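Just so you know, we're using my numbering here: the sequence shown kicks off at 15 and counts up by one.
None of these hints come from the bench; they were simulated from the model.
Mixed in with the good hints there might be a few duds.
Quick list of simulated restraints, FRET-style, between CB atoms [stated by the list, open to error]:
# : residue 1 : residue 2 : range
1 : P64       : G122      : 18 to 26 Å
2 : A275      : Q26       : 34 to 42 Å
3 : G161      : Q271      : 35 to 43 Å
4 : P207      : T35       : 44 to 52 Å
5 : G217      : Q58       : 35 to 43 Å
Small disclaimer: the values here were computed from a predicted structure and weren't measured.
Don't be surprised by glycine CBs; every beta carbon is placed ideally from N, CA and C.
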Amino acid sequence: MTHPPPVDYKAQSAADFLKDTLPCQPRIGMILGSGLGALSAEIQAPVAVPYGDIPHFPVSSVPGHRGTLVGGDLCGLPVAALSGRVHLYEGHTPEVVTFPMRVLAALGVEMVIITAAVGCLNTDHAPGDIVVLSDHINLMGANPLTGGANFVDLTTLYNPELRKTAVAVAAGQGIHLGEGVYAAMQGPCYETPAEIRALKALGADVVGMSTVPEAIMAHSLGMRVLGLTMVTNMAAGLTGAPLSHEEVMIASDEGAQRFQALVRGILAVLAESRTPCLLYTSPSPRDYKYDL
15 MTHPPPVDYK AQSAADFLKD TLPCQPRIGM ILGSGLGALS AEIQAPVAVP YGDIPHFPVS
75 SVPGHRGTLV GGDLCGLPVA ALSGRVHLYE GHTPEVVTFP MRVLAALGVE MVIITAAVGC
135 LNTDHAPGDI VVLSDHINLM GANPLTGGAN FVDLTTLYNP ELRKTAVAVA AGQGIHLGEG
195 VYAAMQGPCY ETPAEIRALK ALGADVVGMS TVPEAIMAHS LGMRVLGLTM VTNMAAGLTG
255 APLSHEEVMI ASDEGAQRFQ ALVRGILAVL AESRTPCLLY TSPSPRDYKY DL
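Using the sequences and the hints, build the whole thing.
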């Protein structure tokens, strides 16, 4: 005897609210990290919904994370842009941090672009550079799939076809786009120079305090993932300068135009190709249940 998959009632409640609120059903989701939320202003016929108005949706307390979901059209594609995110270091559980991913899946989103501001360990890159993620090292001490036997293969979590598209678009725009491995730390303090040396030895190119829980959850729910990061500072011990969130915000603002142009270019390619990259078979069913 087969049983129907369990229902994520809170995510479905939030999705039902957004279906009645947004102008169209989004097929692409975008998570806009520190200082990168300006891209949502380019959405056509936008409907902006504060996170606090969405049932069960978590609200960030971090400067630079506006806490607004904007739905509409961008480059001919229906999108939902999340301007701001919550983090483990704010005291949230992995289930809360990844709740927006479950809502996007319930909305029918098939692909997510996850962005973040990062520190850089690889001296081939500099502040202002954009790095597309090829892999990650999860050192957060948490996994959003904990609590079930969800043995999801992460080999192609950061989708190879989407990465190729990003590289091609960047080359056409004259943007230097590196590829790299993201080291995920819980935060909120920045890493020590000794930790940075250890991360370099492990093969990390950039480091941050987000992205990985969302990417794992999105992939497990059948959404394709493209990770794009903006280098805002060199990591601790590489320059001798102290680190600050203000530095991150300033560097994000300075690189925002190139970052936005790259995302627009990627979406334009997807729209022109009639979204064949969105045709995707989930690595596992969208049948997870989380009680928050």
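So, going through the hints one by one against the coordinates:
no., hint, result
1, P64 x G122: 18 to 26 Å, "holds (22 Å)"
2, A275 x Q26: 34 to 42 Å, "holds (36 Å)"
3, G161 x Q271: 35 to 43 Å, "holds (42 Å)"
4, P207 x T35: 44 to 52 Å, "holds (47 Å)"
5, G217 x Q58: 35 to 43 Å, "holds (41 Å)"
In terms of the numbered hints stated before, the structure departs from none.
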